[in-house]
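Engineer: Single-letter residue listing:
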Amino acid sequence: MARTTTTRRGVLSGLANGLMTLPAAAVYTGLTVVPVGYAVYYSFTQYNGIPSQAPTWVGWENYARIIADPIGDLRPAAWVTLVIAVVGAFLVNGAALGLALLLRRTTALNTFARAVMFYPHVLSALIVGFLWQAILGPQGAVNNLLENAGRSTWPFLSDPDWALVTLIGVIVWAQFGVQLVLYLAGLQAVSPELQEAARLDGAGGPQVFRHVTWPALAPTVTVTIVTSILSLLKVYDVVLGLTNGGPGDATQTWAYEILAVSFANNKVGLACAQAVLLVVVAGVLSFTIIALRRRAEEGAEAVG
Amino acid sequence: MTRTSPIRTAVRVAVVAVLSAAMLVPMYIMVVNAFKPQQEILLSPLGFDLATLTTDHIAAAWQNTSFPVVEGYAVTLFLVLACNVVAIGASVPAAYTIARTPTPLFRFLLFFFVAGMFVPAQIILVPAIFVLKALGLMGTLPGLVLFMSSTMIPFTLFIFSGYIRMLPRSLDEAAAIDGAGRQRILWTIVFPLMRPIVATAFILNALSAWNDFVSPQLILGPGSQFRTITTGVYAAVSTYTTNYEIVFPTLLLAVVPILLIFVLMQRHIMGGLSAGAVKG
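Residue numbers (this note's numbering), protein chains in the order written: chain A, 1 to 304; chain B, 1001 to 1280.
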């Protein structure tokens, strides 16, 4: 008798546990997990997204189309995305770390400067894109200044190579503030005693940084690299505002291909295959970086 | 220790001041040019002549039917609040249960949720549209709120469960002995203790909801009666990117409130971000 009550209580509490997680599980499953499942399914079909027409199973055709790239539009997009992710991540993290070291001490000026470095992040990426388009465009503020001064204008957004560099610059301007805040938080965790001890032992500024500060920052560096690469891989809004993918296809990112090219042209199967590939690449990259960084982080524990 | 020489301090202050000023140049250009006619913007993009300053273009941007400013703010603010209510409201009980039930099933459940952090929201938007169509929620605000909330749940739940794990279990047990039920323990004892982490989640979710463009644009549709700030700006500016009489005033109207909020809450926003990262 006593036994049945405990089992019943166990079942009831199990049921209560289930109910507590139900709302979160339902919303998350319905609108994130199921869509991922649909994306995988559609990626093996040809589907124009019209409800009255059923998707036709085509196997790996969409993936083969992406790899063979008959129109030659996807390889440039993959290249542009890769350049943005790699170069952007280096610049964002370099700028953020440099400024974090510069703004480390809490003075009135530094507190103000931290806010000024961070503010672009609270603006939407689309608006950042439009704003810089008005500043760097062919008739934008900078080129008007140059023209009025009797000099030749600069093709920030009208030359394909320049446009990619400009795009990366604008993304870095808008994003490094986030990583700056993370580095500042990481620097607070670096033991001041250890740095002081290194200095007393005769280490100069660069040596203290290399042997004490940098190893102790390892966990922060992992977080900042992974978060910056994840956000750089899906760059879309800022492209729409700044260049709309142009000139030509010079700044069309992978996310731009998915949303503004494939999906906009009712190629749902292709769009989904591209989306699946991006999620896989993002996942593989994140886990590879986390695994590679594990050694550095173990060093951090030794230092910290 | 007074190791730093005055010269080095001076150089440091100068560098910080110059960099800060450089970061603010785009804002200066936007503000100044929002009050100038096109001719003047083209002739002298940095200067301003008090005699020709005009609020005409701001007034025109305010009345632009492509970007109904007041409604845009109302819809965006609604999204910020509704998504946070759904995401936080659903994540608190789930995170509490996961944190307090150390069985393999619930450990797997946490992993299941956390995996969502690696799925970029705008990428699953295309298939999510088909789910919303099937539910009859496509093109509606509830559908948009549900989608945006679902993208916020993984991170929110993750930082909540980490935080709850740090709260002593003895609190729950003492309340249980006093006869409080699970819901009561959660909402009257645990939830109030979660205030800092709830604030962090609220701030980060609010920023992402406020600035989201792709979700409202695709779920509500370009022809929707509802415009957010971002979809409104897109509708007003995207075809007139060289008509600076439209561009600068529209952008100014779109960023002033969020910048004011940022100036007022700067400490909380930046603190919330680093707190979220440390917990994450």
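Don't read these hints as lab results, they were simulated from the structure. Each residue gets a CB set at the ideal place from its N, CA and C atoms; glycine is no exception. You may find that some hints are simply not true.
What the simulated footprint calls covered on chain B by chain A, stretch by stretch (three residues with Cβ under 8 angstroms from a Cβ of chain A suffice, anywhere in the stretch; the number is not a length) [to be verified]:
1) 1071 to 1079
2) 1113 to 1122
3) 1146 to 1153
4) 1231 to 1244
5) 1251 to 1263
Covered by chain B, according to a simulated footprint, are these stretches of chain A (three or more residues, beta-carbon under 8 angstroms) [said to hold, decoys possible]:
6) 38 to 48
7) 177 to 183
Engineer: Are the hints correct? Go through all of them and say.
Structural biologist: Status of each hint after checking the structure:
1. 1071 to 1079: violated (count 0)
2. 1113 to 1122: With 6 residues close enough to chain A, the hint holds.
3. 1146 to 1153: holds (count 6)
4. 1231 to 1244: holds (count 7)
5. 1251 to 1263: Our answer is that it holds, as 8 residues pass the Cβ test (under 8 angstroms) against chain A, meeting three.
6. 38 to 48: holds (count 3)
7. 177 to 183: holds (count 3)
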